[in-house]
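Participant: Sequence:
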Amino acid sequence: MRELSYLNKYFVKYKFSFLLGIVITIVAQIFSLFTPKLISQSLEAIEKFDRLSIQEKSSESVLSHFKSDLVDNILLIIGTTIIAGFLTFLMRQTLIVMSRHIEFDLKNEVFRQYENLSQQFYKQNRTGDLMNRISEDVSKVRMYVGPAVMYTINTFIRFAIVIAYMYNVSPRLTLYTILPLPILSYTIFKLSTEINKRSTVFQQYLSKVSSFSQEIFSGIRVIKAYSLENQHQDNMIALANESKSKSLDLARVQSLFGPLMLALIGISNLVVIYFGGLMYMDGTIKSIGTIAEFILYVNMLTWPVASLGWVSSMVQEAEASQKRLNEFLKIEPEIKNANPNRSSIEGSIVFNNVSFTYEDTNINAIQNISFTVNKGETLAILGKTGSGKSTILSLISRLYDVNEGEINIDNRPIDTLNLFDLRNSIGIVPQDAFLFSDSIKNNIKFGKEDAADEEIELAAKNAVVHDNIMGFNKKYDTVLGERGITLSGGQKQRVSIARAIIKNPPILLFDDCLSAVDTETEETILNNLYEICKDKTTIIVSHRVSSAKNADQIIIIDEGKIIQQGSHNQLLNEKGYYADLYLKQLSEKELT
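So for the sequence shown, my numbering puts the first residue at 35; every next one is plus one.
Simulated from the structure, these hints should not be mistaken for lab results. Certain hints may be false.
Dumping the calculated DSSO-like pairs for lysine-lysine here, alpha-carbon to alpha-carbon at most 27 Å [stated by the list, open to error]:
1. K618 - K583
2. K141 - K258
3. K47 - K357
4. K141 - K71
5. K595 - K157
6. K280 - K258
7. K583 - K609
8. K49 - K101
9. K570 - K583
10. K570 - K495
Label-pair ranges, simulated between beta-carbon atoms [said to hold, decoys possible]:
11. V46 - R126: 29 to 35 Å
12. K231 - Q265: 29 to 35 Å
13. N371 - Q158: 35 to 41 Å
14. Q267 - N445: 42 to 48 Å
15. Q267 - E483: 40 to 46 Å
16. E94 - L209: 33 to 39 Å
17. S281 - V105: 49 to 55 Å
18. L606 - S261: 23 to 29 Å
19. V46 - E488: 48 to 54 Å
20. K320 - S39: 28 to 34 Å
21. S39 - I566: 52 to 58 Å
22. N562 - A486: 36 to 42 Å
23. S404 - S281: 30 to 36 Å
24. V61 - S378: 57 to 63 Å
Because the structure is a prediction, the values reported are computed rather than measured. Every residue, glycine too, gets a C-beta built ideally from N, C-alpha and C.
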């Protein structure tokens, strides 16, 4: 129960619903206890009538009196049962609805934590596992805060009230009736421990199946291209069989609860009949109705006792799931917003001897990088693959914090700025253009949700993708497939550019975002961008000299270090990487 203590804050939040549910439960149980007493009284009345002489039985007034008592009892039984049923309905409406609110809050908390956690976290965890936690694990926890709590409250209240009534009628017979309960408690404890172990293993395998499926669906085009469907089908079958085996192991233990509970209740009934019969015969119990009343009380305890097993199972599963949730809910995000106040960003950027090493791979991505980009200037970064170009953009967006050195934005350390204002002031086009399974219009509006249709079209025209969009049947309302699979690589990149520039931020970061377009289209886009970016700080990462030649300054990165720095003309006059790349790409262009 230690892991589930994390949820106590939600019980406090919904304390009024929780307490109201308890009050309704108590009243419902009181009304449900009228039935055994009324049946006992009816049987006692029948016994009294049976003891009357033939002459008294034939009396119209006596017969009418007994009939009237029976009818009154029957009406009272019906009435109290209806009231108890209605109150039980209200109990469910109160406690189960409360659990749905808690589920809603917990899912939102999990999702917010997902958003707050750093890139490092997502490198170490698989998407399928994270999806399973926010769906399957939260659902298991909801069963604890809802049905498990409700039936636990219902069980304890019913036990307290029923046993009090039974003790009031016959303390000795009550003692005989509850004798099997210690055996029941011990059995529940042993089975619950085993369920907890097997539930944890099953949830882990369920996450593996989700992760494997998600990866297969994401990479289905590659799998088909390499004709590996059968191999992955075999892997999926093997994993599914393992998951099924763990599920069956769990189900076997859980299935013991029902029969065991019913057997123990049956034993209690036999105890009541046997000892109650002996007590009736020796005169300790005056009426056969008392035995019937006790049998009804015992049967009233049947579901609560049987539910103890089910509830215990739910609690164990919920604890296993909450433990998985707690593993990352308690993680402190590496990137924190140290400044809750608003930060105004104009756009000047200074790197001062910045070094960064990726924690998971221990790769020194950049070393002692220094440069300055003033507001309204454009910086181009060129270099080989893996030289550290994209890392610089990630540091400017504070997706990571530097290990050494300092990054200043507008002469202020980057970690002293409001994190959300910083990121809102940046428009970034990533190397891997990611689009959502939504309309093209909404994907472009992602950068500015209140954008008018005219703004969307202008952004698309500047990104040279408007004509492509107008060629689709539904134009801007065309719904894209997962990750934008409907579009070509170049179209995805250009939609991503439109999404960034419609935001109109003071800082624009382009991470090799023209690699999938032809040189003619690239030239048109760059001309549009230089016009748009006149008053913005712009950083362009590229492998092409054509993307960098008009920048105010260019830096060349190799193995995380700056090996050249200057303008296009300055670097051409130097012998080195830039001049060699320029000549190479110029000759390739002439050949094509």
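Participant: Keeping to a limit of 27 Å between CA atoms, is the pair of K141 and K71 held or broken?
Facilitator: violated, 46 Å
Participant: I want to verify a distance hint. Is the separation of the beta carbons of Q267 and E483 within 40 to 46 Å?
Facilitator: holds, 42 Å
Participant: Check whether the Cα positions of K570 and K583 lie no farther apart than 27 Å.
Facilitator: holds, 18 Å
Participant: Is the hinted range of 28 to 34 Å satisfied by the C-beta distance from K320 to S39?
Facilitator: violated, 50 Å
Participant: Would you say the C-beta atoms of S404 and S281 sit inside 30 to 36 Å of each other?
Facilitator: violated, 58 Å
Participant: Is the distance from the Cβ of Q267 to the Cβ of N445 consistent with 42 to 48 Å?
Facilitator: violated, 59 Å
Participant: CA of K570 to CA of K495, is that 27 Å or under?
Facilitator: Given that 27 Å is the threshold and the Cα spacing comes to 19 Å, the pair holds.
Participant: Regarding the pair K141 and K258, is the alpha-carbon distance no greater than 27 Å?
Facilitator: Distance ~35 Å between K141 and K258 Cα, so the pair is violated.
Participant: Does the Cβ distance between N562 and A486 fall inside 36 to 42 Å?
Facilitator: violated, 19 Å
Participant: Does the structure keep K47 and K357 at a Cα separation of 27 Å or less?
Facilitator: holds, 21 Å
Participant: A range of 57 to 63 Å was offered for this pair. Does it hold for the Cβ distance of V61 and S378?
Facilitator: holds, 60 Å
Participant: Regarding the pair K583 and K609, is the alpha-carbon distance no greater than 27 Å?
Facilitator: holds, 16 Å
Checked against the numbered hints listed earlier, the structure breaks hints 2, 4, 6, 8, 11, 13, 14, 16, 18, 20, 22, 23; every other hint is satisfied.
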